[in-house]
Amino acid sequence: MPKLDLSAYDTKGFHDEMFDENNVVRPNYQLFLERLEKMSIRKLKNLQHATDRSQLSLGMTFNVYNDNQGVERILHLDIIPRIINNKEWTHLEKGLQQRIRALNLFIQDIYNDQKVLKDKIIPKEMIFSSVSYLKELEGFKPPKDVWCHITGSDLIKGGDGQYYVLEDNLRCPSGVSYMLENREILKRTFPELFEKLDVRPVNNYTHILRDTLESLSEVDNPTVVVLTPGTYNSAYFEHSYLAQQMGAELVEGRDLIVKNDIVYMITTNGLQRVDVIYRRVDDDFIDPEVFNKQSLLGTPGLFRAYLKGNVVLVNAPGTGVVDDKAVYAYIPRIIKYYLGEDMILPNVKTYICAEESDCKYVIENIAKLVVKQTDASGGYGMLIGPKSTKKEQEEFIAKIKQKPRNYIAQPMINLSRVPTITEENTIEGRHVDLRPYALFGDDIKIIPGALTRVALKKGSIVVNSSQGGGSKDTWVLNR
Amino acid sequence: MLGRVANTIYWMNRYLERAENYARFMDVNFNLSLELSPNEEQQWKPLVVITGDWPLYDSLHGKVEKTKVIHFMAFEAENPNSIYNCIVNARENARAIRTEITKEVWEQINALYYLVKETSKQKRFNNGDVRHFFNDIKNGCQLLYGMYDATISRNEGWDFAKLGQFLERADKTSRVLDVKYHLLLGSAKQVGSSLDLIQWTALLKSVSAYDMYRKKYGKLSSSCIAEFLILDTDFPRSILSCLISAEKSIVRLSGSSFGYSNTAQKQLGALKAQLEYTDIHDIIEKGMHEYLDDIQGKLNAISSSIYDAFFSIEPHIS
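Those sequence lines, one after another, are chains A and B. Everything in the first sequence is counted per my numbering, starting at 737 for the first residue and increasing by one. Everything in the second sequence is counted per my numbering, starting at 25 for the first residue and increasing by one.
Please keep in mind that the hints were generated in silico from the structure rather than gathered at the bench. It is possible that part of the hints are untrue.
Claimed, not checked - Incomplete in silico selection of chain A near chain B, CB under 8 Å:
#, residue
1, 793
2, 794
3, 967
As the list claims (entries may be wrong) - Take a look, some chain B residues computed to stay more than 12 Å from chain A by CB distance:
#, residue
4, 56
5, 64
6, 87
7, 133
8, 208
9, 271
10, 308
To be verified - Label-pair restraints from in silico Cβ distances:
#, chain 1, residue 1, chain 2, residue 2, range
11, A, 997, B, 336, 18 to 28 Å
12, A, 1125, B, 76, 55 to 65 Å
13, B, 336, A, 1076, 52 to 62 Å
14, B, 336, A, 877, 37 to 47 Å
15, B, 257, A, 1036, 43 to 53 Å
16, A, 1009, B, 128, 43 to 53 Å
Being a predicted model, the structure only gives us computed values, none of them experimental. From the three backbone atoms N, C-alpha and C, an ideal C-beta is built for every residue, glycine too.
Just chain B, same shape as in the assembly (with noise of 0.2 Å):
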């Protein structure tokens, strides 16, 4: 496979999963707003820096504002990551690697496409618009993901795509447990209080992990909704099961399953491998936020070493 394609399938699959968890963050906070007291910059804020985007939407808007906040993580043209810009750029690396995936999938990305152009020109939204968009990107997401599975062999471009979903998918449940983490346990007077359980609720939501947490753990606990979401080796949007999904792949694109034939290999092996080695109230001990924060930098670090190992023209060429 070229290079450039391996890459652009990549990309496609990192950004079709960041438009479906934006899609699915945004449409928790709604939910949770409309039960709690009216402050729209408590309520608001943190879901701009869970994304990682807060040094922009502060320059662009400043002030938070609801309204504002959805149209800048939905719409905003400025906003490298916004569903709408996910979208587009999923949908531009479709196009250039259309000979890779089937008439389903181009069919679906396409539709995604002219969703949210045709919203985005929108001018005005009532909270029924906007709730339908987000069910829409999700779903259309979803769709998405069982066409790829159904109609796409497990080739190289397979491997290479399911790299991409888990490694963002890793990514953003490790960003939503951080900045929740720490809003929560902050508010520690009302630990235990309905309000506490609303909102523990909506973080499980948020990475629809709700239905199964109440399956495994039944009670709803700080300590195991942290361990659901970091270290379940069955739910498949914990951090951990998305490590070994990917490594799976990454197995395979680099050819050998004993050791390590590539930095990216080695990376995504030992991280996996800390957390497979780890317990929660290690984590805690150490600090829920540093714990996380590193993960996060690790991530970062594997993509760009998959980069190098894959995707660049600089090995082949010697």
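Chain A extracted, bound-state conformation (with noise of 0.2 Å):
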């Protein structure tokens, strides 16, 4: 039976994570290579195609936007795990900390004393202009002052073998139910490479995320609840995952009703009171009162109950602001302005086209650029200069120049690779991003595994799941 040969495996003009650039294996992913070069392509084959079928039996599918209703897919999950040694793990850790607390208390400031504004470290107009920017929240502190409690920041390793923050995420940051299963799948794929490997834990996630839930409620026993959209919704499947897992109620707009500015669910024996909403549905959609009024996903009256402090809501509202990839831009600055300290993971370099030198040389050079959206996610509303056409090109000039402050753009960076099995069951380069997931409570942990989203298309850089993307687990060594 045919083993599988790596020798021709081609790491050309990438950083690629399991192999250097002479083609030798690295360290932390020795002991994997040889179990996979045992293997026969058969058994390899074999192992992914009951992957799939275990994530159909979970049913951790989901619904595409804009596609038809009632189609399913699962997120592809490839058996080839990414692997993180301790040393570049402490690193990412110490870099999120230090930029979710700036964060935090960035969040903080622009809704109460604006300091930052003040102090012109951000222009104030690129703060009041954001649609996530919420006027209504302005003099409000949250419980204990935090106000993301809950961060699935986007990072990427370039050419040079560096981590970059691409997005921080900071308002439903979704697929830590992924970085879940699929560590239970693979601990099925390969038990006795866990046995040699000491791979750091991640079940522990939902522990930390009831008690950090809990923790914002001055209630003994508090009710925590998940707030969805519905079955319909892309995510979920996360979303019940979560409740379950916590042992939370899940509940939707409609099973929640506010009276005397308290928030209550209906139950078969009557009303009972909530205390945390850990609310999956976005800001604009919580309180038809207040935001869209239009939303049928919300509960009226929400927004008053959460500025009475009857209720919390996490991550709270508001935070959205940071996630504006205009915003994004001066999160060096950010850093440096709360804690005096430089940023230890670095943005990618940003240029923010409401500035008139950024938006020529944006302009200029299009078609070296990726070009962003501010308000957009999920891999929407983007333009990869290198791949676009002409017509394309001038399309987004034409907007860029409409709306200036709507758009930023960035070097395209070469995502680093992990080999990965094709549909030809070949093992290729696929390029990968890295969501790793973080809880602020009394202090900011970092959970030590991550969801690894790649993109399965040959040379694709779009890892999103609504655009062709996978998943692999994420290993993090304790050595």
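Join these two chains into a complex; the hints should help.
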């Protein structure tokens, strides 16, 4: 039976996580490679198939927006893991903690004293023009002064082998259920490797999450719920998974009612008070009284109850202002301003179209840049210069000229690659990013693991699940 | 428990029970038809009539053909009660209340879902395939009941589940009996003939009652069969048995066993008492069809009262 042969594996032009530039395996992948090379192609294929089947059986499916209703897909899990050694991880951990601490101070400041604006660290128009800035929150301080309890930043590694933060995702970062379930599946796929490799466990995430949520309420034994838009939402699997793992009630907006600024859920035995809501509904939809009037996903009066301090919302509303891609460009300065420290994890160089000189540069160099809409996510509203047509570039230039505030641009980064099983059952490098998860209660905890998203199409750098991306389990080693 | 969640659990269990019953009805009928002279209308129309979906079938297909009836009851997308739709709905409900059920139960419902999805894509069925499918549905549902029984706490959710399951089962037993009893008595000239016995046996098998009936009565007789399926207190699929079980659940949910605390409990208790204090001769004298029709009407009324008492929002906001 033919054994797997990786001698022809091509690392040219990119940073590869398994092999160095001389095609020598990196130490963190040594044991894994030995296991892989003992395997026949058929065995590998069988393991991969078993994985697909477990995902279906677990119901790890998502609905794709704009797709036919009722079409469910699984997020393809490639069984070759991303392995990170302890030293690299410690660096990431410190960098993320620094960043989240600073961003939290920043959010508190812009809704209260606005010192950062008065000191002209960031132009105030930039903040007030952000669609995610909520004027209603001015003067408000959430419990324990924590705004971004749950973060799932997107990191990438460039050709230089350096990690960069690409996005911070302080609103409703998703994907953590995949981190947890991928691990359960891979433990079944490679049990002998887990015995030998000393991989740090991730499965206490939901316990820490529950503790974090409970710590925000002053009530003893608070009632914690997860608020979902419902079964048609693409991340519904995750909402139900987290609720179930935490032992929290999974509610929809219509299950809640606000009376005298107190939130209740409607049960078979009458009304029951709710203390903490882990909401997976965007700010704009949580309360039709204050925000989107057409929203059927929210609960009228919820925001009032929140401002009165009668219920805790997690994450706090208004954090989306940091996810604005134009605000992102100022984060190095924000960190310096609040913490007096240099940024540990660098940003990707960002050109702000709202600034005249940057805008000129972007328009002249659009063919080599990645242009992004400042309030979009999920890989939408984006132009990848080197892979676009002349016509697409011109369309984007017109849009930028019309509303410069809505666009930023970044140089194209050659994302690092990890060996991945292709549809033809060969192994080739595919580009990946990294989404670790942080929980901020009494302190900031980074879970030693992550969702590694992989662009399955050859050459593609778009890793979003809605655009043909898959995932990998991420092993953080204890050494 | 959230009212919406309770409603979803209730319907999830009704759908599953319905799918399982349909699979059994068709399997038994299929088996029976192999031994009868080929008359598709005579053999397959009653099955559609039992489900109460004859008008829909008639408007979609008109002519009765075995393959069309099977397709209609098993896979027809436009038939809200087809096995396919029941399983898809049950699974959609299970997704919505994933936090109320265990991993075992969820994975089994999911397995049933992939079974109907895959099978419905098949273009052609030979006889063997179809019976395999019926069997897989029956076994799959029963496996699920077992998992439910072995892994779910006896909490509020459990009682809503059982309420849904037993009311659905009572309804289906009453419908099978209603339709078949008439057909069989109608062909009076065949009474006592071997053909007749095959048909009465099939009726019992449709509700998995054959073995337990034989054990209790030995000989086949129409009134004994009716008595067994309506009034038996030990056989878990008889109408009265189902009502006894459903009442236990509604008593726990309503919190009082003396008298009643809502309309649903009142109606359910009254229907159970009605069956407890009657005997089969009264029923036959009054007319079997009228009697069973009345039961079905009352079961529907109970279901809507359950909705008002537990699931709808209005009573809670005042």
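A quick look at each hint next to the structure:
Hint status for residue 793 (chain A): holds, given a least beta-carbon distance of 5 Å to chain B, under 8 Å. At a threshold of 8 Å, the smallest CB-CB gap from residue 794 (chain A) to chain B is about 7 Å, leaving the interface hint in force. At a threshold of 8 Å, the smallest CB-CB gap from residue 967 (chain A) to chain B is about 5 Å, leaving the interface hint in force. Distance check on residue 56 (chain B): its Cβ is at least 36 Å (rounded) from any Cβ of chain A, clearing the 12 Å threshold; non-interface status holds.
Remark: the non-interface label on residue 64 (chain B) is consistent with the geometry, its nearest Cβ contact in chain A lying 33 Å away (cut-off 12 Å). Consistency note on residue 87 (chain B): stated as away from chain A, and its beta-carbon is indeed over 12 Å from all of that chain's, at 31 Å minimum. Remark: the non-interface label on residue 133 (chain B) conflicts with the geometry, its nearest Cβ contact in chain A lying 9 Å away (cut-off 12 Å). Distance check for residue 208 (chain B) against chain A: the nearest CB is about 42 Å away, which clears 12 Å, and the non-interface claim stands.
Look at residue 271 (chain B): its CB is around 18 Å from the nearest CB on chain A, clear of 12 Å, so calling it non-interface holds up. Look at residue 308 (chain B): its CB is around 40 Å from the nearest CB on chain A, clear of 12 Å, so calling it non-interface holds up. Between residue 997 (chain A) and residue 336 (chain B) the Cβ separation comes to about 25 Å, which falls inside the hinted range of 18 to 28 Å. One distance hint, 55 to 65 Å for the beta-carbon pair residue 1125 (chain A) and residue 76 (chain B), holds here, with the actual separation near 59 Å.
For residue 336 (chain B) and residue 1076 (chain A), the Cβ-Cβ distance of about 58 Å falls inside the hinted range of 52 to 62 Å, so the restraint holds. Between residue 336 (chain B) and residue 877 (chain A) the CB atoms are about 39 Å apart, so this pair conforms to the stated range of 37 to 47 Å. Take residue 257 (chain B) and residue 1036 (chain A): their Cβ atoms lie about 50 Å apart, and the range 43 to 53 Å holds. A hinted range of 43 to 53 Å for the beta carbons of residue 1009 (chain A) and residue 128 (chain B) is inconsistent with their spacing of about 32 Å.
Taken one by one, the earlier hints fail for this structure at numbers 7, 16, listed in ascending order.
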